[in-house]
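**Q** Sequence:
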Amino acid sequence: MPKTPKPTDEKHPRYSNLLDNFRHQLAHLDALPQLTILGLISGLAAAAVIVAFRLLIDGPLQVLLEGHSENFESLPSHWRFALPVAGSLALAALVLSFKPEHRQVSVGHVIERLNNHQGKLPAGNWILQFFGGALALISGQSMGREGPAVHLGAGIASQLGQWFKLPNNSLRTLVGCGIASAIAASFNTPMAGVIFAMEVVLMEYTIAGFVPVMMASVTGAIVVQYVFGPEQAFNITLPSLNTLDELTIIIAAGIVIAYFAALVIRTQLWFNSKKHWPLTLRFLAAGVTTGSLALFVPQIMGVGYDTIEAAMAGQIGFSLLLAILFAKILATCVSTGFGLPGGVIGPMLFIGATLGGCIGIVAQLLLPDSASSPGFYVMLGMAAMMASVINAPLAALITVLELTYNPHIIFPTMLIIVVSVVATRQLFQCQGIFMAQLETNGFRLTGGLIRQTLNRVGVRSVMDINFQFCHAHPSFEQLEKVLLQNPKWLVITDEQQERQLLLASDISVYLASRDDWPADEAIDLLKTPSRKWQIKPISQQASLYDAQKQLRELKADALYVERGDNSLLPPVLGIITQEKIDGYYQQ
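The opening position of the sequence shown corresponds to residue 1 in this note's numbering, with each subsequent residue numbered one higher.
To be clear, the hints were calculated from the coordinates, so they are not data collected in a lab.
Think of the CB as a built atom: it goes at the ideal place given N, C-alpha and C, for glycine as much as any other residue.
Some clues are possibly wrong.
[What the hints assert, rightly or not] What follows is a list of derived Cβ distance ranges for each label pair:
(1) Q429 with I37: 38 to 48 Å
(2) A86 with P33: 13 to 23 Å
(3) Q429 with I450: 22 to 32 Å
(4) H68 with Y205: 36 to 46 Å
(5) K527 with G442: 48 to 58 Å
(6) F131 with T248: 42 to 52 Å
[To be verified] As a list, the in silico DSS-like pairs of lysine-lysine whose alpha-carbon atoms are at most 27 Å apart:
(7) K536 with K580
(8) K165 with K99
(9) K580 with K555
Sequences and hints are given; from them, build the entire structure.
**A** Given below as structure tokens:
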């Protein structure tokens, strides 16, 4: 039963504190300054979490491994097998300690929550991602840290929005800010952070979205450079296209990479379809697979940036590159398909690098005097594989450009990305891995232009605040005082029933027809000859899409926007009708 306010002549809602005023401003479509401030705050929070995540991984590995934190090749063979197996069992125990609803992790989980749950990411899921992702990489599982970083950045940004009860329309942008900062802090690639957030997760480009996301990404890059230094991921010479004769090889390479991209997607989905197997069995199978392969090709363990750099420098022969390629594909597909809490973005760069290295060696055989170095094709392979598997051509281009700081590869990289993405979608009939995973796991994304438009605006931006509270049985004198405030609506409160809504003009006409009414006699407003609007509550955080959906599902005539966060302030903020929603959409 809704709480009935004590006074009968309560004032219109006032934004009596800074936070409440900030929420109201965020509900509007043009809240660029406020969203930019949120971009800075969420960028700092996400970057701090990613720095902690990286330190949690690198610290134990610096002690465990010789030389650097990716040198799994330095481990004795029995440790290369035992470490992934023991890690998989520890991961199974960790995941089983969480409730089933908190076991969904990954970029796909973020996309689903953003589309179907207004960007509200449960804390339990990203907490599991933090510790599970770190444990997976410490134990040498064939996975990446970028996927977990996306979930962590989105999770902490969403948590900030939920803590401060910000409008749902701003929560979407906040999640994008967290993702951009996380990618920037993980890769040290601020441009790629922005493009990845907009292209892969938010799936839209708007000025009000771009600027806050850019602010968050810059913030993430500043934090990570302050902690880890400004160095780029790969310290290599800058190869470039030697001759236009290589364009034919690049086009053919795009088709080959598309084939392997389709192989990765379908293999991972096959393992993903076995989610009904016991969790411990799945995780143990992944650990045994990785450990067994690592006995022969330890390069597949962990993130593997050292192996990518060696391939760029031409330090790995064709046979070993080919062995690493197929071992990495199998280990990654088993691990990610069986649900270990790691990422797929880093492994796609790794697989693309080794495949590109193989193609580069073949190119030198075909054009011995003019072909570019294998390192050139390694970079092309990284971009094409990432673009094809996650369906993010622009993000892949910018990522490789920032990782290598090599502007000479833009033209050939764009060409191979176009060929590989089109071939993956059209020739091999495979969609991006994140969407494919969601479909395999039974999740359906709802969308459309109208929903996208209405989700950008909060109910507080269009609600009608021209209303007055009134008891169901006021005296003529009390009612006259209320009507002197010239309200459009009367919100009728009665302890015995839910709120109802009346047009004040209907009551004024009725009173004018009864000018002989005694001043102290009660009037039963619910029995007057006027339309009684059935109204239901809606949270002040809701978007216009939420309001439209609730009007239809509850079969209500109108909604009252409920504060729900401070009993000292008016409990009702405004009135929303379908006419108000239609009026906004038709502007």
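**Q** Is the hinted range of 42 to 52 Å satisfied by the C-beta distance from F131 to T248?
**A** At 49 Å between Cβs, range holds.
**Q** Is 22 to 32 Å respected by the C-beta to C-beta distance linking Q429 and I450?
**A** With a Cβ separation near 30 Å, Q429 and I450 satisfy 22 to 32 Å, so the hint holds.
**Q** Going straight from one Cα to the other, do K165 and K99 come out at no more than 27 Å?
**A** holds, 25 Å
**Q** Holds or violated: 36 to 46 Å for the Cβ distance of H68 and Y205?
**A** holds, 39 Å
**Q** Is the Cα-Cα distance between K580 and K555 27 Å or less?
**A** Between K580 and K555 the Cα gap is close to 16 Å, so the pair holds against 27 Å.
**Q** Just to be sure I understand the hint, the distance between the Cβ atoms of Q429 and I37 should be within 38 to 48 Å; is that true here?
**A** holds, 45 Å
**Q** Go ahead and decide if the range 13 to 23 Å is satisfied by the Cβ distance of A86 to P33.
**A** 51 Å Cβ-Cβ, so the 13 to 23 Å window is violated.
**Q** Indicate whether the distance between the beta carbons of K527 and G442 respects the range 48 to 58 Å.
**A** Cβ of K527 to Cβ of G442: about 51 Å, so the range 48 to 58 Å holds.
**Q** With a cut-off of 27 Å on the C-alpha distance, tell me whether K536 and K580 pass.
**A** holds, 16 Å
Checked against the numbered hints given earlier, the structure breaks only hint 2 and satisfies all the rest.
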